[in-house]
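Enquirer: Read off the chains here:
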Amino acid sequence: MSSLLRVDFRRPGSPRAAGADSPTRRTLSRGWLFALFAVVCVVISVAYVAWSIVRPGSVERLAVSGPVVTGADEPGVALVAGGPGTVLFQNTIAGEFAGRVAMVPLGGREWPRNMAPLGCMRVHFAADRGLCLAEDGGTFSLDGGIFSTHAAYVFGPDFQVLHALPLNGVPSRARVSPDGRYGATTSFVSGHSYADGSFSTETMLIDLTSGAKLGNLEEFAVLRDGQRIEAEDFNFWGVTFASDSNRFYATLATGGQTYLIEGDVGARQLRVLRENVECPSLSPDGTRLAFKKRVGGDFGVAVWRFHVLDLTTMKETPLTETRSIDDQIEWLDDGRVLYGDGWHLWSMPADGSGTPHRFMSDANSPAVVRTASLRASEPEQAPVKNLTLPSIDLAVAVSTGPEDIAVGEDITYTVTVTNEGAVDATGLLVEQILPEGLNFGEVRTVSLTNGSSYGCSSQYPEETRVTCDTPVLPSGASWTIALTVKPGAAGTIKHQATVYATEPDANPENDSVKTKIVATAVE
Amino acid sequence: MYQIENSGQVLKARTKAGASRWSWPRVSRTVLFLGLTSLFTDISSEMVSTILPLYLVFGLQLTPLAFGVIDGLYLGAAALVRVVAGVWADRSRRLKEVAVAGYALSAVSRVGLLVAGSVWTALVGIVLIDRLGKGIRTAPRDALISLSSPQAGLATAFGVHRALDTAGAMVGPLLAFGLLALTPGSYDAIFVVSLCTALIGLGILTLFVENQPLPQDDAAAEQPVVSLRAAAQLVYAPGFGRLLIIGAALGLATMSDGFLYLTLQRRLDFNIGFFPLLYVATALIFMLLAVPAGRLADRIGRGRVFVGGYVLLLGVYALLLLPWLGTAQVVVSLGLLGAYYAATDGVLMALGSAVLPEELRTSGLALLTTATSLARLAASVVFGLLWTWRGLEVAVAVFAVGLLAAMLLTMVVLIRGKVRVSDVQPATS
Numbered sequence: 001m002s003s004l005l006r007v008d009f010r011r012p013g014s015p016r017a018a019g020a021d022s023p024t025r026r027t028l029s030r031g032w033l034f035a036l037f038a039v040v041c042v043v044i045s046v047a048y049v050a051w052s053i054v055r056p057g058s059v060e061r062l063a064v065s066g067p068v069v070t071g072a073d074e075p076g077v078a079l080v081a082g083g084p085g086t087v088l089f090q091n092t093i094a095g096e097f098a099g100r101v102a103m104v105p106l107g108g109r110e111w112p113r114n115m116a117p118l119g120c121m122r123v124h125f126a127a128d129r130g131l132c133l134a135e136d137g138g139t140f141s142l143d144g145g146i147f148s149t150h151a152a153y154v155f156g157p158d159f160q161v162l163h164a165l166p167l168n169g170v171p172s173r174a175r176v177s178p179d180g181r182y183g184a185t186t187s188f189v190s191g192h193s194y195a196d197g198s199f200s201t202e203t204m205l206i207d208l209t210s211g212a213k214l215g216n217l218e219e220f221a222v223l224r225d226g227q228r229i230e231a232e233d234f235n236f237w238g239v240t241f242a243s244d245s246n247r248f249y250a251t252l253a254t255g256g257q258t259y260l261i262e263g264d265v266g267a268r269q270l271r272v273l274r275e276n277v278e279c280p281s282l283s284p285d286g287t288r289l290a291f292k293k294r295v296g297g298d299f300g301v302a303v304w305r306f307h308v309l310d311l312t313t314m315k316e317t318p319l320t321e322t323r324s325i326d327d328q329i330e331w332l333d334d335g336r337v338l339y340g341d342g343w344h345l346w347s348m349p350a351d352g353s354g355t356p357h358r359f360m361s362d363a364n365s366p367a368v369v370r371t372a373s374l375r376a377s378e379p380e381q382a383p384v385k386n387l388t389l390p391s392i393d394l395a396v397a398v399s400t401g402p403e404d405i406a407v408g409e410d411i412t413y414t415v416t417v418t419n420e421g422a423v424d425a426t427g428l429l430v431e432q433i434l435p436e437g438l439n440f441g442e443v444r445t446v447s448l449t450n451g452s453s454y455g456c457s458s459q460y461p462e463e464t465r466v467t468c469d470t471p472v473l474p475s476g477a478s479w480t481i482a483l484t485v486k487p488g489a490a491g492t493i494k495h496q497a498t499v500y501a502t503e504p505d506a507n508p509e510n511d512s513v514k515t516k517i518v519a520t521a522v523e
Numbered sequence: 524m525y526q527i528e529n530s531g532q533v534l535k536a537r538t539k540a541g542a543s544r545w546s547w548p549r550v551s552r553t554v555l556f557l558g559l560t561s562l563f564t565d566i567s568s569e570m571v572s573t574i575l576p577l578y579l580v581f582g583l584q585l586t587p588l589a590f591g592v593i594d595g596l597y598l599g600a601a602a603l604v605r606v607v608a609g610v611w612a613d614r615s616r617r618l619k620e621v622a623v624a625g626y627a628l629s630a631v632s633r634v635g636l637l638v639a640g641s642v643w644t645a646l647v648g649i650v651l652i653d654r655l656g657k658g659i660r661t662a663p664r665d666a667l668i669s670l671s672s673p674q675a676g677l678a679t680a681f682g683v684h685r686a687l688d689t690a691g692a693m694v695g696p697l698l699a700f701g702l703l704a705l706t707p708g709s710y711d712a713i714f715v716v717s718l719c720t721a722l723i724g725l726g727i728l729t730l731f732v733e734n735q736p737l738p739q740d741d742a743a744a745e746q747p748v749v750s751l752r753a754a755a756q757l758v759y760a761p762g763f764g765r766l767l768i769i770g771a772a773l774g775l776a777t778m779s780d781g782f783l784y785l786t787l788q789r790r791l792d793f794n795i796g797f798f799p800l801l802y803v804a805t806a807l808i809f810m811l812l813a814v815p816a817g818r819l820a821d822r823i824g825r826g827r828v829f830v831g832g833y834v835l836l837l838g839v840y841a842l843l844l845l846p847w848l849g850t851a852q853v854v855v856s857l858g859l860l861g862a863y864y865a866a867t868d869g870v871l872m873a874l875g876s877a878v879l880p881e882e883l884r885t886s887g888l889a890l891l892t893t894a895t896s897l898a899r900l901a902a903s904v905v906f907g908l909l910w911t912w913r914g915l916e917v918a919v920a921v922f923a924v925g926l927l928a929a930m931l932l933t934m935v936v937l938i939r940g941k942v943r944v945s946d947v948q949p950a951t952s
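Residue numbers (this note's numbering), protein chains in the order written: chain P, 1 to 523; chain G, 524 to 952.
So here's chain P without its partners, still in its complex pose (with noise of 0.2 angstroms):
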């Protein structure tokens, strides 16, 4: 560019062109050190780049990047068929297996993870089929565009990848069919910048079998009523696969609204059911459909709950997680389902009973394979890949005022959490769930030795469960929060205080601490 301009080197007004350090020699200097100092940049980024391309992949990297290159003390592992089944899903503790699918058989502990030599965002698995969306460092393609950075990953039960499709956008969701015939991808594809506030969705059909795309959603004709519609904003996300196939449920989106698609891979056509379902699952025996129903939220931040749709009687039950969370619910049963919130793996009852219970520490995109268990491929082989973090001893107390108190008046929580066991435990997290019609007031870390918390929030200003969390709490160190509520009317006010943390915890009953405290009306 530079050789298309002529440059007018005079400056005009420059006080210093009279002196004695004419300006041509002091630029000339000035050009020495300049070139000195991006000589010494470029060698560095040079020498960095090529540092990462010979590099051994061992090194953590951000990315979570589809296969991964094992060495000759990690064994091969694989799905088999027979036994209780299998949950697959991202691991996200950090270190070495950060973002590697890992499994632990169905129904038994959270440890060990066996780790699988692939890096997934999203995973999901059925019969002989597996469906990984993972980042592929930028590959030039026509097919997905100029450049996609994600790809979608086909592989069987021994996670060796059998095909691998470009993906255009950040990987949402992943589905594979009972039978593992297809799946099924969706992405958020966006223009060059997220400041817009327009986002779209991109939701693929793949073959497993051959690893062709069978289509994107928006090809397929839609039917409401009886008649096609047709918009230019339709956005296409959440697929879940009926037994057969064939037939799957799905998200669109247009005006504003969203609604349950019914869908035939064959015809090529979806037909409209009901409005406001996103992320539709289907339950194991079919009956059902477990789905994120929205409830408020403006400016773009969406307020969702998870419902249950019977799809005999098209009643919808509320379940009883009351946070915001935005995933696609996975079966763990015909009884319960199983999600993640980002950080962790939840479980609940599907009718609406009971409470959210914590399935899994730093885990995302679960799986439940109901019809294969994990074993090495080859029994005599060395013991396969595990990650095992050694057991903590979390405990919790609780103490508050008087038990009876009068309306109006201020009642604390202090909460206490001690790591009882011999190793520091890592991302506690305190979670205090109380009854609605109570004036929140401050919550705050009175103490901590040997540490510093994060802080503490209640996520929606419309729940009740309030939580802190704090990096690690070293071994025989104590934490403290104090938590003020106001009861506004008369009544008995239950608190429940659990602490959670990354390793297993050797003894769990005194993880959580419950009590109840008797407001009465002044007179």
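Rather than coming from a laboratory, the hints here were simulated on the basis of the structure. Idealized CB from N, CA, C, for every residue including glycine. Treat the hints loosely; a few may be bogus.
What the hints assert, rightly or not - Quick list of the computed label-pair ranges, beta carbon to beta carbon:
#1 Pro761/G to Glu436/P: 57 to 63 angstroms
#2 Gly266/P to Ala920/G: 36 to 42 angstroms
#3 Trp912/G to Glu509/P: 49 to 55 angstroms
#4 Trp912/G to Glu219/P: 25 to 31 angstroms
#5 Ala35/P to Gly914/G: 33 to 39 angstroms
#6 Leu697/G to Gly95/P: 32 to 38 angstroms
#7 Lys514/P to Val647/G: 32 to 38 angstroms
Claimed, not checked - Which residues of chain P face chain G? A few of them, derived with a C-beta cut under 10 angstroms, are:
#8 Gly31
#9 Val40
#10 Cys41
#11 Val42
#12 Ser45
#13 Val46
#14 Ile53
#15 Ala231
For this one, chain P is given, so just place chain G on it according to the hints.
Expert: The following block gives chain G in isolation, referenced to the frame of chain P:
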């Protein structure tokens, strides 16, 4: 007091400078070096912004819409900082040093990216530092460009700067994707190269750009006091107040690039992976036309070229509303969009520079940029809502009508301003 526009005088000045119709543009070394600084800085920041949203959206589990809200907050913070930094630069007379501070903050944010890894809370803070740096540096940089250029060549100077700047914005994503292809998944390598590129830009600025002495330096006794209040008073300055109104009104009717590309995609139904190509094509046209547009503005009048640019934008809207004609429609739209940027982006700053007193140049340009960018932010929100509630065609049609109204307002204001100020001698030059 100051001239908005006086083509006769501009022509005379050009003739005196002896520049012929076909010569290469003449710009001061300050403009060239500021252009190179922006080139390298833009390579650096576009490399990062190409890949960062993926992390924020995925790591944070945020929907792009929520990310948009956070990004809006960043923009608001940057707008506030921009005005304060502008006044600070004018007050201290250290435009270069304030610009250096802004560029340095962005370079520091690259170090932060390397250190922070995937801790999302840290990433949000780092992006904020980068945005604040951008907010701080733009106004003193544009003021330096204008102060180091003759009055008659302001638009050319801005054109040269914008051409270099846009070249950097084109190279950045290509370099990022190239590096990703070379070493898949090594985002740290991208951050290192981005940091080094930012440092080269910072080096050019520090070593080769000098503060421009103001005429008042000779008469130190009668320096006017530069304060936030004095900057606020600029709103009432005859020429400048009008420009603010024009800038904000046109900004309110400007559809963001992202929506425009999305609309095109909806019409043609092309693979969404081609999005980066749309961006590169627009930037290419912008880069190629920035200098010619600037020279044309200096020759036939900046106001005319500025309004002409918005006529091109109106053409883009019209193309979006037409029935589908084929791929040519996309090509023409992108060409018009690039030309619109070339005719308006630097030219608005030249218009502003021509009417702003030198001692308040940075503050004034900061106000002008803030007014237009806040108006565009509001326009984005409105467009998004219109699209959601009433559909794409209605949204585009409303914006086309709004743009037409804003252009009529602009022409009325510019013509009235010209009549008022044409017989007043400009204070500078």
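Enquirer: For every hint, state whether the structure bears it out.
Expert: Here is how each hint holds up against the structure:
{"no.": "1", "hint": "Pro761/G to Glu436/P: 57 to 63 angstroms", "result": "holds (59 angstroms)"}
{"no.": "2", "hint": "Gly266/P to Ala920/G: 36 to 42 angstroms", "result": "holds (40 angstroms)"}
{"no.": "3", "hint": "Trp912/G to Glu509/P: 49 to 55 angstroms", "result": "holds (53 angstroms)"}
{"no.": "4", "hint": "Trp912/G to Glu219/P: 25 to 31 angstroms", "result": "holds (26 angstroms)"}
{"no.": "5", "hint": "Ala35/P to Gly914/G: 33 to 39 angstroms", "result": "violated (57 angstroms)"}
{"no.": "6", "hint": "Leu697/G to Gly95/P: 32 to 38 angstroms", "result": "holds (34 angstroms)"}
{"no.": "7", "hint": "Lys514/P to Val647/G: 32 to 38 angstroms", "result": "holds (36 angstroms)"}
{"no.": "8", "hint": "Gly31", "result": "holds (8 angstroms)"}
{"no.": "9", "hint": "Val40", "result": "holds (9 angstroms)"}
{"no.": "10", "hint": "Cys41", "result": "holds (4 angstroms)"}
{"no.": "11", "hint": "Val42", "result": "holds (7 angstroms)"}
{"no.": "12", "hint": "Ser45", "result": "holds (4 angstroms)"}
{"no.": "13", "hint": "Val46", "result": "holds (9 angstroms)"}
{"no.": "14", "hint": "Ile53", "result": "holds (5 angstroms)"}
{"no.": "15", "hint": "Ala231", "result": "holds (7 angstroms)"}
Hint compliance for this structure: hint 5 is the single one not met.
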